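Chemist: Listed here are the chains, written in short residue letters.
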Amino acid sequence: MSTVEPFTIEQFYKFLQQGKLMASKCQKCGKIHLPPRPLCDNCYSQQFSWIQVSGKGKLVTYTIINVAPAQFQALAPYAVGIVELENGQKIPGMIQDIAREQLKIGMALTLDFGTCSAPQQWPAWPRYCFKP
Amino acid sequence: MVNAKPLVSIISAGMSKFGKHDGLLTRELFAIAAAEAFSRCPKLQPKQDIKAMFIGHMGEAYEHQGHTGSTLADWAGLAGIPATRTEAACGSSGVALRSGIYAVLSGLADMVIVGGVEKMTHRTTAEVTEYLAMASDYPFEQFHGITFPGLFALMANAHMHAYGTTEEQIGMVAVKNHYHGSLNPKAHMQKEITLQNVMGSKYVAWPLKLYDCSLITDGASCIIITKPELAKKYTDQPVHIVGTGQASDTIGLYERKTLTSLQSTKLAAKTAYEMAGVTPDQINLAEVHDCFTFAEIMHYEDLGFCKEGEGGKLVERGETRLGGHIPVNTSGGLKSKGHPVGATGTAQAYEMYLQLTDQAEKRQVKDAQIGLTQNIGGSGATAAVHIYRRDQ
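For the protein sequence lines, the chains are A and B, in the order given.
For any residue, its number in the working numbering is found by taking its place in the first sequence, counting from 1, and adding 898.
For any residue, its number in the working numbering is found by taking its place in the second sequence, counting from 1, and adding 19.
Check each hint, because a few of them may be wrong.
[Claimed, not checked] Subject to a maximum C-alpha distance of 30 Å in a straight line, what follows is the list of computed BS3-like cross-link-like pairs (lysine-lysine):
#1 B:LYS332 x B:LYS246
#2 A:LYS1029 x A:LYS929
#3 B:LYS210 x A:LYS1002
#4 B:LYS210 x B:LYS276
#5 B:LYS276 x B:LYS39
#6 B:LYS289 x B:LYS210
#7 B:LYS210 x A:LYS956
#8 A:LYS1002 x A:LYS954
#9 A:LYS1002 x B:LYS332
#10 B:LYS276 x A:LYS912
#11 A:LYS929 x B:LYS289
#12 B:LYS39 x A:LYS929
[Claimed, not checked] Some chain B residues near chain A, calculated using beta-carbon distances under 10 Å:
#13 ALA54
#14 PHE57
#15 CYS60
#16 LEU63
#17 ALA145
#18 PRO158
#19 GLU160
#20 GLN161
#21 HIS163
#22 ASN176
#23 LYS221
#24 TYR253
#25 TYR273
#26 GLU327
#27 GLU380
Keep in mind the hints are simulated off the structure, nothing from the lab.
Only a predicted model underlies this, so the values are computations on that prediction, with no experimental measurement involved.
Even glycine gets a Cβ: it sits at the ideal position worked out from N, Cα and C.
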C-alpha cells in the first residue's frame, strides 16, 4: 500500500511546487477542503483523499496594496484578490501581469504556481499568484 | 420603556487619555485607568472587594512583555487575585468583558475588574503593521502580502460592487467620527476633518485611504462589574449590562460565504438582543468597531440598524451623527478617539457608562436608555456584542 501524503497546508504547498493544485475530499461527507484540513469541519472525519482541481476561476473581490509590510515593499503597489475556482473553492493571492484599470470583479483568472524564493527559511512555500 | 433584567452591573469605569504616551509602559498606562475607576467609586475597597481580573492585551512584541494578566493586577494594586489575559486581537477586551460576566454569573467572583491596554506608538509604523497583521490568517493572507487594511478593502470593494456603496459614503464615517472625537477630551485626535480631507488622502489599500484608517494609539480602559443586587451598595448610578454575545468565524476571510457582512457580528448580536429582550430599533446609541471607516457601514447592517446594503445611506443621511436617530461612536470611535487594540472593547463600555450616567458632557445623547457596543477581532473571526441599560 502506498503512503498517502498528509492532509496539511505544508503538503498543499509541496504539491503547488510540483505544479499541482490539490484539495482534499472528505471520504465520509464529501466536503472538499482547500486548503486541506486534518479534521473535517463538517462531519469530523479524518479520512480524506487528494483531488486535483483546476486553477481557473473568477475574481470575487480585489484591492491594491499601497502600504505594504517590509518584505513586500519592493513590489508595492500590488494587486491582491480572492478568486473563486471552478469547483467553488475560494483562495486569495496576488494578481500579476495586469494593469490596475483592467481589474474587474468577475473577470477570469488562472493560478500561476510560482516559485519558492527563500527555501532555507520557514515557510519554504512557493508564492503562487493569479494571472489573466 | 425597556426593563430588561440586568446580568451584571457596572459600578465604575476608568480610561487613560488615548494618544501618544511617550515614556509610559503598558502597566503604567493601565494603572492610570484603574486609578480613575477606583476614585470614581469612593465606597469601593479594591483590595477587599475585587475578586478577579480579566484583561485584553494583544501584543507581547511591542514591549517584549508577555504574561500581562498578572503584571497588570500587580500594578493596579491587586496582586493576589486571579488575573487572566484574553487575546482576540482587536477584540481582546470585548472578550475580557464577556469573560468577566461569565465569572460573576458563575458565582465564583462577586466583583470583577475587566479592562484592556495597548502601548503602540513607540514602535515604527512598519513594526505595528507587522504585529497587527498577526491577527489575520498567516499561510494564505499574510504570506501573500495581504495587509489588515487590505482585508477590509477586499470587503469594501465587494460591498461597493454589490450595493453601490460609494467612497464618499465611506469617507463620511471619518468626518462624523472626527466631529464626535472633537467633543471628547480623551480622544487621540480632537479635530474635525472634511470629506475633502478624506478623499484627498493617499490610498493605503484601494478604496481605503489614510483617513479611512483608525489610529495607532496608546491607551488603557477598564470597568468594574458586580452582581446587580450588590451595585447600589457602591453607587447610586450603576449601568446594567442586559445582553452579551460572542461569536467566531473562519480565520481566513477567503473561506467565508459572504464578504459583505460579518457572520460573527450577526451571531453575537442575535444572542445579545435575545438575552436583553430588545430589538435593534430600541437601541438609542452604539459604539461599533470602526477600525476602518467601511467597517462601520457593514456593522450598521449586521447589527440591524438598517437593511443590508443600506449602511452607506444611513451615514449619508446623518442618522448616526449626534442628533441623529441612532448616534454611533459618540466617543469618536477607533477612527478619532484612537485604537490601542487591547483597550478598545472596554473603552467602548467606558463610553456607554458615561452616556448612560449623563457624564458625556458635550457629546451627551439626551435621554439615552439603551446602548450597544460591538468589538471585533481581526477581519471578524471574533465579535463581542454587549447591550447596556440605564438604571431606572
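Chemist: Which of the numbered hints above does this structure break?
Modeler: As far as the earlier hints go, 1, 3, 4, 5, 6, 7, 12, 13, 14, 15, 16, 24, 26 and 27 are violated by this structure, in ascending order.
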